Amino acid sequence: MKLPLFVLSIYLLNKSSLKTEKLGIIMMASSVVVYVLEVRFDYNGKEDALYPVILKNEYQMILVDCGYAGFMSLIEDAAQKQGLSLQELTGVFITHHDIDHFGGLAELKNRYPALAVYSPVIEAPYISGKEKSVRLMQAESLFESLPEDQKPGALYFQEMLKNVQSVEVDAVFTEDDTFMDGVKIINTPGHMPGHVSLYVPESQTLIAADALVIEHDEFEIANPAFTLDLGAAVESVKKIKRLEVKRMICYHGGITEEGIEAKLARLISRYPRPSFL
Numbered sequence: 001m002k003l004p005l006f007v008l009s010i011y012l013l014n015k016s017s018l019k020t021e022k023l024g025i026i027m028m029a030s031s032v033v034v035y036v037l038e039v040r041f042d043y044n045g046k047e048d049a050l051y052p053v054i055l056k057n058e059y060q061m062i063l064v065d066c067g068y069a070g071f072m073s074l075i076e077d078a079a080q081k082q083g084l085s086l087q088e089l090t091g092v093f094i095t096h097h098d099i100d101h102f103g104g105l106a107e108l109k110n111r112y113p114a115l116a117v118y119s120p121v122i123e124a125p126y127i128s129g130k131e132k133s134v135r136l137m138q139a140e141s142l143f144e145s146l147p148e149d150q151k152p153g154a155l156y157f158q159e160m161l162k163n164v165q166s167v168e169v170d171a172v173f174t175e176d177d178t179f180m181d182g183v184k185i186i187n188t189p190g191h192m193p194g195h196v197s198l199y200v201p202e203s204q205t206l207i208a209a210d211a212l213v214i215e216h217d218e219f220e221i222a223n224p225a226f227t228l229d230l231g232a233a234v235e236s237v238k239k240i241k242r243l244e245v246k247r248m249i250c251y252h253g254g255i256t257e258e259g260i261e262a263k264l265a266r267l268i269s270r271y272p273r274p275s276f277l
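Numbering (full-length UniProt numbering), first residue to last: 1 to 277.
Source of the hints: derived by calculation from the structure; they are not laboratory data.
On a predicted model such as this, the values are computed, not experimentally measured, just so you know.
Note that beta-carbon positions come from the ideal geometry of N, C-alpha and C, so glycine has one too.
It is possible that part of the hints are untrue.
[Claimed, not checked] Here are the computed distance ranges between Cβ atoms for each label pair:
1. Arg266 x Gly231: 44 to 54 Å
2. Glu131 x Leu243: 41 to 51 Å
3. Glu175 x Asp149: 22 to 32 Å
4. Lys151 x Lys81: 32 to 42 Å
5. Pro152 x Gly70: 13 to 23 Å
6. Glu131 x Arg266: 30 to 40 Å
7. Gly153 x Gly83: 18 to 28 Å
8. Ala225 x Glu148: 29 to 39 Å
9. Arg266 x Lys130: 18 to 28 Å
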């Protein structure tokens, strides 16, 4: 599937900068299993990847984020490689309303109408179409400042955002709410106002979504030039550092288990507090 350059500049990382240390299944101490999906796709002749997650227990199977519109078959294939079928899904959790995280939600819901849709409370109005996408508002506000050669791609990107099909949200969650069996919701705003990450204390696993990306084997802020509140994003990284995390799952970059605390510290040091604070 081919996507416009402007989309790549905002959402995707150079494939050569990504390192995935381990993919597959993370077993929990009791009842929840985490499956990391590797969803590979073509971008203008180059291969890229996203890493959604499936959480599964005895009663539920939840997909965390679902890619762009048209990605259902790619996600189905990635799930099958883990021995899973999307027909088993009971719900979808959307961490925030960026197009690469919920663009495929309507297609998924149409295929499996019984699916429950879950989201952060702040993000729900954007996912359901009751409020205008803040990413679209950002794209519109930046348009006039772009070089002329980037404007066609920027207009195409705006149209992509406008054409995302909204889906009603069935239940909302916020800080410290428990999702499934012991999966905690962690508010990690900055990239988006209502962005959340999911933390599994039993295995000390964090599903970071876009609170972090892996770039050149280091953590980084996801596209800092397009992060809606960079200060809040850095504070979210500090918040993550206070958690006990043995496994970090990044939507852009995959899984890392090595040097997490040191990598977080280095990231924070690259964004010092402004001198006037």
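Query - Distance restraint evaluation - Arg266, Lys130, Cβ atoms, bounds 18 to 28 Å - result: For Arg266 and Lys130 the Cβ distance comes to about 40 Å; the hint is violated.
**Report entry** Range hint 22 to 32 Å (beta carbons of Glu175 and Asp149) holds or violated
**Finding:** Violated: the Cβ-Cβ distance is about 43 Å, outside 22 to 32 Å.
Query raised in the report: Is the hinted range of 44 to 54 Å satisfied by the C-beta distance from Arg266 to Gly231?
Result: At 18 Å between Cβs, range violated.
Report task. Take a look at whether the Cβ-Cβ distance between Glu131 and Leu243 falls inside 41 to 51 Å. Result -> violated, 30 Å
Report task. Look at the Cβ atoms of Gly153 and Gly83 and judge whether their distance stays inside 18 to 28 Å. Result -> With Cβ atoms ~39 Å apart, the hint is violated.
**Report entry** C-beta pair Pro152, Gly70: status relative to the range 13 to 23 Å that was hinted
**Finding:** holds, 21 Å
**Report entry** Range hint compliance [Cβ, Ala225 to Glu148, 29 to 39 Å]
**Finding:** Check failed, 19 Å falls outside 29 to 39 Å.
Query raised in the report: Taking 32 to 42 Å as the hint, is the beta-carbon distance of Lys151 and Lys81 inside that range?
Result: At 40 Å between Cβs, range holds.
Report task. Take a look at whether the Cβ-Cβ distance between Glu131 and Arg266 falls inside 30 to 40 Å. Result -> Since Glu131 and Arg266 have Cβ atoms about 36 Å apart, the given range 30 to 40 Å holds.
Violated hints for the displayed structure, listed by number in ascending order: 1, 2, 3, 7, 8 and 9.
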